[in-house]
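Trainee: Protein chains in written order, with my numbering: chain L, 998 to 1363; chain A, 998 to 1363; chain R, 998 to 1363; chain X, 998 to 1363.
Hints were generated in silico from the structure; no laboratory data involved. Be aware that a few hints might be false.
Which copy? The list can't say, so a pair holds if one copy fits it or any two copies do.
What the hints assert, rightly or not - 30 Å max Cα-Cα, derived DSBU-like pairs, lysine-lysine: (1) Lys1183 x Lys1115; (2) Lys1115 x Lys1226; (3) Lys1296 x Lys1064; (4) Lys1035 x Lys1353; (5) Lys1226 x Lys1325; (6) Lys1064 x Lys1325; (7) Lys1296 x Lys1115; (8) Lys1035 x Lys1362; (9) Lys1099 x Lys1183; (10) Lys1099 x Lys1020; (11) Lys1099 x Lys1353; (12) Lys1099 x Lys1296; (13) Lys1362 x Lys1183; (14) Lys1064 x Lys1115; (15) Lys1099 x Lys1115; (16) Lys1288 x Lys1240.
Number of protein chains: 4
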Amino acid sequence: MTTAELHLATTSAATPSPSTTMKALVYHGPGNRAWEDKPRPTIQESSDAIVRITTSTICGTDLHILKGDLPAVTDGRILGHEGIGVVEQIGTGVSEFHVGDKVIVSCVTACLKCDFCKRSMYSHCRHGGWILGYTIDGTQAEYVRIPQADGSLYHFPADGDEEAMVMLSDILPTGFECGVLNGQVKPGDSVAIVGAGPVGLAVLLTAQFYSPAAIFMIDLDDKRLAVAKTFGATTLVNSTDGKAAQHVMELTEGAGVDVAIEAVGIPATFDICQAIVAAGGRIANVGVHGKPVELHMEKLWDRNISLTTRLVDAVTTPMLLKVVRSGKLQPSKLVTHRFAMNDIMKAYDTFANAAKEGALKVVLKA
Amino acid sequence: MTTAELHLATTSAATPSPSTTMKALVYHGPGNRAWEDKPRPTIQESSDAIVRITTSTICGTDLHILKGDLPAVTDGRILGHEGIGVVEQIGTGVSEFHVGDKVIVSCVTACLKCDFCKRSMYSHCRHGGWILGYTIDGTQAEYVRIPQADGSLYHFPADGDEEAMVMLSDILPTGFECGVLNGQVKPGDSVAIVGAGPVGLAVLLTAQFYSPAAIFMIDLDDKRLAVAKTFGATTLVNSTDGKAAQHVMELTEGAGVDVAIEAVGIPATFDICQAIVAAGGRIANVGVHGKPVELHMEKLWDRNISLTTRLVDAVTTPMLLKVVRSGKLQPSKLVTHRFAMNDIMKAYDTFANAAKEGALKVVLKA
Amino acid sequence: MTTAELHLATTSAATPSPSTTMKALVYHGPGNRAWEDKPRPTIQESSDAIVRITTSTICGTDLHILKGDLPAVTDGRILGHEGIGVVEQIGTGVSEFHVGDKVIVSCVTACLKCDFCKRSMYSHCRHGGWILGYTIDGTQAEYVRIPQADGSLYHFPADGDEEAMVMLSDILPTGFECGVLNGQVKPGDSVAIVGAGPVGLAVLLTAQFYSPAAIFMIDLDDKRLAVAKTFGATTLVNSTDGKAAQHVMELTEGAGVDVAIEAVGIPATFDICQAIVAAGGRIANVGVHGKPVELHMEKLWDRNISLTTRLVDAVTTPMLLKVVRSGKLQPSKLVTHRFAMNDIMKAYDTFANAAKEGALKVVLKA
Amino acid sequence: MTTAELHLATTSAATPSPSTTMKALVYHGPGNRAWEDKPRPTIQESSDAIVRITTSTICGTDLHILKGDLPAVTDGRILGHEGIGVVEQIGTGVSEFHVGDKVIVSCVTACLKCDFCKRSMYSHCRHGGWILGYTIDGTQAEYVRIPQADGSLYHFPADGDEEAMVMLSDILPTGFECGVLNGQVKPGDSVAIVGAGPVGLAVLLTAQFYSPAAIFMIDLDDKRLAVAKTFGATTLVNSTDGKAAQHVMELTEGAGVDVAIEAVGIPATFDICQAIVAAGGRIANVGVHGKPVELHMEKLWDRNISLTTRLVDAVTTPMLLKVVRSGKLQPSKLVTHRFAMNDIMKAYDTFANAAKEGALKVVLKA
C-alpha cells in the first residue's frame, strides 16, 4: 500500500472536509507567536483522532515556551495542550470514541500499552507523554490531531460545562497528582502550599478532597492570597519579608506542617518547604525547576520525611470527572478571563501580565 | 516522698545487689575512651529496667562520637546502644518484662504513649528516641538502665543465638526500615546499594525478603564487595574510578534502578543515587549526613521519584525476630570479630581499622 | 508491701476525697437497671486514673446488654463506655495526664505495650480492649476508674464542646474506622450505607472526609433517612419493600457501588451489601452480628471484592479530634436529646424508644 | 468497504498461508472432546494477532468445562487459555508485537482502554477478560487468534524456557494475585494454604517472594503434601480427619494464621480458613466456588479480618517474568508430565486422573 492508501485504510471519516486549512497559534522562536493559517491535521496513525476544538486555555508552560526556555519546541509549532472539542475523524484502531463525540483532551498522550502506561505512569509513555504543543502540534487551533486517542481523550459528561471541564486537561490533575496525592494529604493534616498561582490554587482546591484541618497558603502577592482565602485556605502567609518559613513554624508551634507542596519551581520556594516540613512529613514538588536546589540532608536525614517529584500522569482524570460532576469541586472558579479563540493574541497578553490583570486561567472559546 | 522513697516505691528488686560499681566504656572527650569503674545504674523512674549486659557490639556511630562529631555526648558518658542481657530489676510501671527475663535492647527508646510513638515513629519519641549511649549511659557496660523498658526491650527467643540477636538492636532494623521499607523494594525490582559497610550489608540481607531480581552493590573496597557477593548481591560495582553511576546505567540499558539506597552519608554517594534512579523509582537514604547535598531538581522534577529519609524507628523488631527465627535471615553473617567485654578497648581498635582488619560487626561477650 | 501500701505507692492523689460513694447506673440482670449508690472507684494499678464524669451518653450496645444479649456482663456492673470528665487521681505510672486535666474517655482501653497495641489493634489489646461497662465498671456514673489511662484517655481541647467531643468516645471512631477506612472511601466513589441509625450516620458524616461523589442511605425509617439527607446523603432508599438492592442497582445502571457499608448487623442488611457491591468494590461491616450469614461465593468469587470486619480500635481519635477542631465535622449534629445524669433512667427510656422519640444520641450531663 | 476488504486493510501478514486448516482440541458437549481439524483462525479486528502455538498446558478449569459446569462454553469451542507461541500475523492496530515475535499468551484478554483495564482489573475488561477457550476459541490448537494482542501477549525472554514460561499464562499470576497479593503476605507472617493442587502450589511458590516465617500446607493427599514440602511448605497438615483447623490452631498456640488462602473452592475448605484466621488476619480466596458458604459473622465481626475474592487479572505478569528470569522462581517445578500436542487426548486422560498419576501441570509441545 502507498502511504495515501494507508491513510485511507486507517481512517473512517464522516464526510470529506471541504476546507484544508485552519487558524492556529503558532510559535516562531523566542518572543514570537502568530494566529495564522496552518494545514488542517489529518489522521497519521490508526490510533489517531482529529478533534475540532471548542474551548482551550493557556498554561504557564506556554509562556515558558514563548520565552525560549524549552528548546525542544521548534519554529512553526502550534502551541497548547488543553482543550475541549468534538471528534471529527478517527483512525481504525480507535475503539472508545466515535465521530461526533464531545471530548476532553488530556495534556498527556498515553498509548496504554507500554511498560510505563501499564504502571499508570502515562507521563513517561514510550509513545506519548507530554507531546501536545511541545513536540507535536497542539490544541490552540481550530483542529488538533490526537495520537493514541483512546488513551488521551475522555468523554465529556452530558451535563458538563466546557469552561469547568477544560481545567481537567492539565491543571487539576497536575495539582491533584503531583501535590495532593504525592503529598498524601489526610484528614486532619496541616498542609502548606507555596505558590498561589493557578497550579497552587488547583492544589488548594483538590487538597480539600481529603479534609485537612489547616491549609497555609504562601505567596508574594496579597491579591492571589485573597483568592486563596475564598478557595478554602485557612491561613495566608505573605512571603515578601523572606520569613515565610519562620511564620509557619510559629503558627504550628514549632512542629511544622504534615505536607509542604512546592508550586513555584525555584530554590527559594523549595527552601521554604524544607524548612517547614514536620518530622514524618512529606514534601511534594509540583513546580518546574530550571536549576539544582540545596537539600539540607544534614538536617533532614533523621526527620523521616519523603520528597516526591512528578510530571502529571493525568491518570486521575476519571476520578476528577466524578468529583466535578458531583458538585464537590467547581473548577470554573479558576477562570478569570474569557476570550474568543480568534482573540487568542490578546488572551496571551492578558495571561502574560497575570499579576497586573488579576488573571488565573484564561479561557478561549471557538 | 523523698527521692529514696520514690525509688523504693517504684522498684521491685529481687535481692539487693552487693556491689555498687561496674566496668564500663566511658567517653572522655574527642579521642579518649576508657574501660573503667562506674556506679551501677539504679531505677530512676517506674518505667525503668536495669539490664545486665551479656553481649554487646560497636556501631559506626560510636566512632563518630569518639571523633567528637556529636557534641551532645559529654565527658563521662558510657557509650553503646546495642545489647543482649538479663533483666535484673524493674520499676513498678514495667508490665511486659520480669526479673530474670533475657532481652534484646533496642537502640531506640520508646514511651509508646506520645503522639510520635502512636504513629510508630519511635525515633522521634518525646520521652526517648535514640538516647542510649548518647544523652544517657549506654550498653557497653556490665549494667545499663533502660528507660521506658516496655517499649525498648524485646523478649529474647528461647532458641536464639546472642550473636545473631544483637544485630536486631540497631543494624538490621536500620537497614530494613530506612533502606528496604522506605525504598519499597518489590519482587522483580532492581536495587542499588551504595556502600557495602555493615549497614549497607544489612540493607542487602533484608532487601532479599522481597525477592528483587537484581542487587547492585557499589563500594570502593573490593573486599567488602566480595563479602556482598556472598550475601546475595548480583552485581558488584567498584566506584573507585568515579564512574559507578555510568556503569549502573549501562548495566541497566539506560533505565536506571527501581531503588537506590544511600548507605554512606556523603554528597558523592548521594550523587550516585540521583544519577541512577529510574523514572518512577525511589531513593532511600540510610547514611548520616553532615552537610547539604545538591539535588538536581532540574533533572528530577519530572521523573516521578521519591526520596526518603529516616532515623531508625526499630518498629520492625518483632517482624525481624520472626524472620530470624524462621531461618530465612542469618544475621550472624555480619559478625567478623569477637572479644570479651573486658577487651573492649582492643575491640574498638579493630573496629576503627575496619578496612584493614576486614571487620564488619565486632561482638563483645560478657 | 501490703496491698494497701501498694495503692498508696501507686497513687498521687490531690487531696483525700471526703465521700466514698457515688451514684451509678447499675445492671441487675436482663431488663433491670437502677441509678443507685456504689463505692467510688480507687486506683488499683499504677497505670490507672480516676475520672469524674461530666458528660456521658448511651450506646446501642448498652441496650443489648440490658436485654441480656451479652452474658459476660454480670449483675452489679456499672454500664457505659463513653464519657468526658476530669482526672481526679492518677497512678504513679501515668505520665501523659495530670490531676485536673479534662479528658475524653475512649471506649477502648489500650495498654500500648502488647503485640496488638503495637500493631494499632487496640481493640484486641491483651490488657484492655472493650472492657468499660462490659467486664469492668463503666462511665455512666459520677466517677470511673480508667485502666491503662495513658492509652485510653485523650486531652480535651481548650476550645471543645463536651456534647460534640463525647461522640469521639465511640460512635465517630466506630463509623470512621470500621466503615470509612476499611471501606477505603475515595474521592469520586459511590458509597451505600445500610442502616441510618446513629452508627450509620457516623459513617455518613465521616465518609465525607474523602469526597465521595454519591452516598446512598438505606433504611426502613423515612424519618432517619430525612436526617441522613441533611447530613449529606445524596440518595435515600427506603428498604421497606425489600427491593433496596434492586433500587441501588438501577440507580447505578447495573454497576453497583464502590463501597457498601453494613451498619445494622443482621443477615438481611448484609445481603443488601453483597448484592450491590460493584466488581472491585469493598464491603465494610460495622454492625454487630449475632448469627452467621450466607455469603454468595458462587457469585462473588470472581468479582474482586473485599469484605472487612472490625471492632473499633479508636486509633483515629487524634485524627478525628483535629478534624472536629477544624470545623469540618460537627458531631453534635448527632445529639437529639439531653438529660441531667440524675435523669439517666428517663434517658434510657427515651433511647430505648429511639424510633418513636426520633432519638439519635442522648447526652447525659453531670 | 466490504468485510473482506476490511480484513485486508487491517492485516499485515507476512506471506499468505498455504494451508487453511489446523488441528485443535474441540469441546463437543459434556464429556466429549476431540483432536480434530478446524479452520485456521484469521485476523478479525485490527487489534488481533494470530499466534502459532508451540507449547500449551491444561488447566483444572478445562476439566470443569468438559464436565459441563460452564454452560457458556458451546459445542465446537476450541479449549485452552495457556500457551507459548510465535506471532504469525498482526492487525494494523497492533504496535507492541511483530510477526515472528515469540510470545507468552495471557489467559486474560485486556483491551487496556476500558475503565476496568485502566484500574488494572483486566479480569473485568469490557472487551476481554477470560474469554480464550471459553467464549472464543483457545490455545489448545496449532493456531489461535488473540484479540487485543497488545494487552494480552507478553514478549518471551531471550533466555527463557517454554515449559517454565507457560506457567505465566495463568497459574502463577492466579496464585500470586488472588492468593499472595490479596493475602498481603509479609516477611515473618504465618500463612496457611488450603489445597495443594497446582494452584495451591503456585500460591506456595510465590508466597515465598515475601519471606513468610511459616507456611502450613493443608490437603487430603499425602503425596501432594510431600511435594509441597519440597516446594517450601514448613508444616504439612493432612485434613482427612476433619480436624485441620484444630491442628493449625494448636500449632499456632491458639493464635491462628496471619493469612489463610483458600485454593479449592468448596464450603469445607472455606470453613477451615474462617476457623484459623488470626485476629487482624486476611482470608484470600483463590478457589472457584459453585455454591454459597456460611460466613460466621457472629464470630468474625469483631476480629478485624479481611476476606478477598479475585479473578486473576494477570497484571503481574511483567513482575513475575522478572522474578523468573532472576532465577528466584523455578516454575517448571510444577511440570510433572510432557506430551506432544498430537497426544493431547492422552494428556487430558492423565490430567483428569491427577491423583492417581501424580500429575500437577501437564505440558503439551507442538
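Trainee: Next, verify each hint and record whether it holds.
Mentor: Each hint, compared with the structure:
In this homomeric assembly, Lys1183 and Lys1115 come within 30 Å of each other (Cα to Cα) both inside a single copy, at 27 Å, and across copies, at 16 Å. Within a single copy, Lys1115 and Lys1226 get their C-alpha atoms no closer than 39 Å, and across copies no closer than 33 Å, so neither meets the 30 Å cut-off. In the homo-oligomer, the alpha carbons of Lys1296 and Lys1064 lie at most 30 Å apart only across protomers (20 Å), although the nearest pairing inside one protomer, at 37 Å, exceeds that limit. In this assembly of identical chains, the alpha carbons of Lys1035 and Lys1353 never lie at most 30 Å apart, being 33 Å within a copy and 72 Å across copies at closest.
Within a single copy, Lys1226 and Lys1325 get their C-alpha atoms as close as 17 Å, and across copies as close as 16 Å, so both meet the 30 Å cut-off. For the homomeric pair Lys1064 and Lys1325, neither the shortest alpha-carbon distance inside one copy (37 Å) nor that between copies (43 Å) is at most 30 Å. Taking the shortest alpha-carbon separations for Lys1296 and Lys1115, only the inter-copy value of 23 Å comes in at or below 30 Å, while the best intra-copy value is 37 Å. Only within a single protomer do Lys1035 and Lys1362 lie at most 30 Å apart by alpha-carbon distance; the minimum there is 19 Å, versus 58 Å between protomers.
Within a single copy, Lys1099 and Lys1183 get their C-alpha atoms only as close as 35 Å, which misses the 30 Å cut-off; across copies the closest is 27 Å, which meets it. In this assembly of identical chains, the alpha carbons of Lys1099 and Lys1020 lie at most 30 Å apart only when taken from the same copy (20 Å versus 47 Å across copies). For the homomeric pair Lys1099 and Lys1353, neither the shortest alpha-carbon distance inside one copy (35 Å) nor that between copies (52 Å) is at most 30 Å. Taking the shortest alpha-carbon separations for Lys1099 and Lys1296, neither the intra-copy value of 52 Å nor the inter-copy value of 37 Å comes in at or below 30 Å.
For the identical chains of this complex, Lys1362 and Lys1183 are neighbours neither inside a copy (37 Å) nor across copies (33 Å), given an alpha-carbon limit of 30 Å. For a Cα distance limit of 30 Å, the shortest separation of Lys1064 from Lys1115 qualifies neither inside one copy, at 35 Å, nor across copies, at 37 Å. Proximity of Lys1099 and Lys1115 under a CA criterion of 30 Å is satisfied in both settings, with 26 Å inside one chain copy and 21 Å between copies. For the identical chains of this complex, Lys1288 and Lys1240 are neighbours both inside a copy (23 Å) and across copies (23 Å), given an alpha-carbon limit of 30 Å.
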